[in-house]
Amino acid sequence: MTRLADILLRLAVRIAPPARRQWVEALRAESEVIEDGSAALRWAAGGFVAALGWSARRELPYLVALPAALYGQIWIAGYGMELAMALGAPFMEAAKGAQVLTVFLLSVIFAAWRPRRAVLVGLLTPILGWLWLLDVFLTRAERLPVPWTFYLECMVDFGWPAAVGATVGAIIGRRLKMA
Amino acid sequence: MPAAPRRLSPQTLDVLIALEGAGADWLYGLEVAAATDLKSGSLYPILARLADHGLLEDQWVESDRPGRPRRHVYRLTGAGRAALRAARANPAAFKLGAATA
Chain A
1 MTRLADILLR LAVRIAPPAR RQWVEALRAE SEVIEDGSAA LRWAAGGFVA
51 ALGWSARREL PYLVALPAAL YGQIWIAGYG MELAMALGAP FMEAAKGAQV
101 LTVFLLSVIF AAWRPRRAVL VGLLTPILGW LWLLDVFLTR AERLPVPWTF
151 YLECMVDFGW PAAVGATVGA IIGRRLKMA
Chain B
180 MPAAPRRLSP QTLDVLIALE GAGADWLYGL EVAAATDLKS GSLYPILARL
230 ADHGLLEDQW VESDRPGRPR RHVYRLTGAG RAALRAARAN PAAFKLGAAT
280 A
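Same order as they appear, the protein sequences are chains A and B.
Quick note: our numbering has the first sequence finishing at residue 179, numbered continuously throughout.
Quick note: our numbering has the second sequence finishing at residue 280, numbered continuously throughout.
Since the hints were derived computationally from the structure, they do not count as laboratory data.
No residue lacks a Cβ here, since even glycine has one placed at the ideal position from N, Cα and C.
There may be inaccurate statements among the hints.
Below, a sample of chain A positions facing chain B; criterion: calculated Cβ distance under 7 Å [unchecked claim]: (1) G46; (2) A84; (3) A86.
Which chain B residues face chain A? A few, computed with CB under 8 Å, are given here [as the list claims (entries may be wrong)]: (4) Y207; (5) G208; (6) K218; (7) Y223; (8) L226; (9) R249; (10) R250.
For reference, chain A alone in the conformation it holds in the complex (with noise of 0.2 Å):
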C-alpha cells in the first residue's frame, strides 16, 4: 500500500503546477515517515486530491478560454468572409480564406499560451474549422453540388494553417517563458 502511495504522490508532483510542486514533495516527504499502509495511503490521496485541486485552479482559464475561442472562430471567421466577399472575393474564396486566417491565428496564440499543448490546438482547430464549413454549405449554399473529396480537401487546407501554427505559437510561448 505504501508503494501505491508513492505512485500516487509522484503523480500529484508531475501535475501540480510548478509554483507549487514543492508543497506537493513536501507532503510526499511526509508520507515516507508514515508507518502504517492504509494511513500513507489516505495521506497520499490527499496529497493527490490537493495537486488535482492546484492544477484545475490554474488550467480553468485556459480550459475556459480554448473551447470558447473554438466556438467564437465560427462567428470571427463568419465576419472575416462577409469582409472578403464585400471586397469582392468569390464566396468560396473568401470562406476558406478567412477560415484559414481564424485557424491559423487561433493555433498561434493558443499554442503560446501553453506550447506543451501545441499539438492538441493543432488537431482541434481544424476540425472545428471543417464542422463550420459543413455548416456553411448545408446552410448557404443551397444545391450546391459538394463532393466528398471537396471535405478531404478543406481538412488538408485547414490542417496546414493549424500546424504552422501552433509550431510558430509553442516556438513564441517557449522563446518568452525562457525570456
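Put chain B on the given structure of chain A with help from the hints.
Quick look at chain B alone, frame taken from chain A:
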C-alpha cells in the same frame, strides 16, 4: 503566486493556532495535521496559502531517519502571529491578505 484577500476559514484558524502553539519551534506537516485533525488534502493548500501571505515560513530539513528524504517544516512569522491576534479579536471581519498586505 498572487494571493487575493479571503475570509479566514475555521480550518485555517486551527492551523494558525497549532503553529502558534509550537512557538519558535518548527513543525512537520504530519504534526500540524495531528494537531488540527486536518487531512493532507485540506492542510497543504492552507499551508501554501499562509506562506503566500507571508504568515508562515517554511524550510527543508534533513530527516532524522537516515536514508529518508528531507522534510518540510513550518512556523509562524511575526505577521502570522499578528494576523492570528487580529482574527481572534474580530473573526467575522478578518480577511487574509487584507490585514497582511
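Structure-based check of all given hints:
1. G46: holds, 3 Å
2. A84: violated, 42 Å
3. A86: Status violated, d = 45 Å.
4. Y207: This hint holds: Y207/B lies near chain A, its Cβ roughly 7 Å from the closest one there, short of 8 Å.
5. G208: Hint on G208/B: holds, closest Cβ of chain A at ~5 Å, below 8 Å.
6. K218: Where the cut-off is 8 Å and the nearest Cβ of chain A is about 5 Å from K218/B, the hint holds.
7. Y223: Cβ of Y223/B sits 5 Å from chain A, so the hint holds.
8. L226: holds, 7 Å
9. R249: holds, 6 Å
10. R250: Hint on R250/B: holds, closest Cβ of chain A at ~5 Å, below 8 Å.
Consistency note: the structure conflicts with the earlier hints numbered 2 and 3.
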